[in-house]
Amino acid sequence: MTHQRNKLCVLSILLATTVILTACSDQKDQESMTQNVIQPVKLMTIDSSQVVNIRRFPAELKASEEANLAFRVGGQLTSINVVAGQRVKKGELLAALDPKDYKLKVELAKANQQLAQVQFNRIQTMLKRNATSKSQFDEIKANLAQANNALETAKNQLSYTKLYAPFDGVISSTSTKNFQYVNATQTILHIQNIDNLDVQFQVPENLVTGIKSTRTGYQPTVILDTPPHTVFKGAYKEHKTQPDTSTMAYDVTLHLLRNGNNSQTLLPGMTANVELDLNKLNGTVSHIVVPVEAVLRHENTQTGNADSIVWVYHQDKQSLEARKVTLGKLQGNKIEITSGLKPKEQIVVAGVNDLTPDMKVRPLVRERGL
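Note that the sequence shown covers residues -23 to -1, 1 to 347 in mature numbering (1 follows the signal peptide of the UniProt record, and there is no 0).
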């Protein structure tokens, strides 16, 4: 009987031990499963466009100096010393007219001036002797002045039979040939300064008001369309306050800054894109904007104040970082972040109160059709 009772006691102890061990094992398995669960979270990537407000505009390169060249007098073209594409220096002779007729006019004007001078000298002597009237003297004096002016005009017209380069540049086109008769002011050549180029583009009316002289130090980015798509900077030169009648947009001109980069041939008419940072143009600052639900208010035990926290997701570790941020203005259901976040970082935008720093997370991927 006693032996039977001892067997029952031992059996009870073994059974109780088994139950306890099983319960402990189940608890450890449950804790292990909990630790291995990767929580899906809804993420938002901070876009760089939220920090810089960039707009692109098609543009065209223009010669900083260009001119249609013409003679100030008419005549027969006897020499044209340049061809299209030729570089010329300021003051270089480009073309000339037959000067014969203009030389004759100078000789005639010179003879008339000499005669007027003789007559003036004679009547001046007579006036001193009271041998003539003051009115006759004044008339001869006026004739001399007219003769001097006529001689000067004839000399000028003779000089106008030669055409010189007004500045260093390249002859972009010619429109006449030797021995043709040309009229005064008729275009003979077109010259451009291609060493210094401008960039011209158009902006809409809502942006032209932001172009102010106080911010002309801002240098927009100019990207050439021609490979290798070289990038330059542009300095403000001018802008029109009258819109283009066809586009109702306003012309803006930048001076292209080559900064020693002369390896690529640049010519007027080439196309480019101008990138404008509207924040710099308008003198404003753009902040990152996130949903209000992404911000968690956390009590700081050291300071006693409530900090603003967002959960930053680290893809390499599938972990979260509680990042302190500075808040700006509220914009509807979104709020500005003035500091604490950088472009391309990812933050959690839903369920932020249920997260902890040691939690493993993964991006929430919605199934198609859900």
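No lab work stands behind these hints: they were computed from the structure.
Mixed in with the good hints there might be a few duds.
What the hints assert, rightly or not - Here are the simulated lysine-lysine pairs, DSS-like style, with alpha carbons at most 27 angstroms apart: (1) K132 / K111; (2) K19 / K82; (3) K39 / K67.
Said to hold, decoys possible - Pairwise CB distance ranges (calculated): (4) V208 / N330: 39 to 47 angstroms; (5) T130 / T55: 16 to 24 angstroms; (6) K139 / K118: 32 to 40 angstroms.
By construction, the Cβ of each residue, glycine as well, lies at the ideal position given by its N, Cα and C atoms.
Inset, instruction - Find the hints from earlier in the document that the structure breaks and name them by number, from lowest to highest. - result: Failing hints, ascending: 1 and 2.
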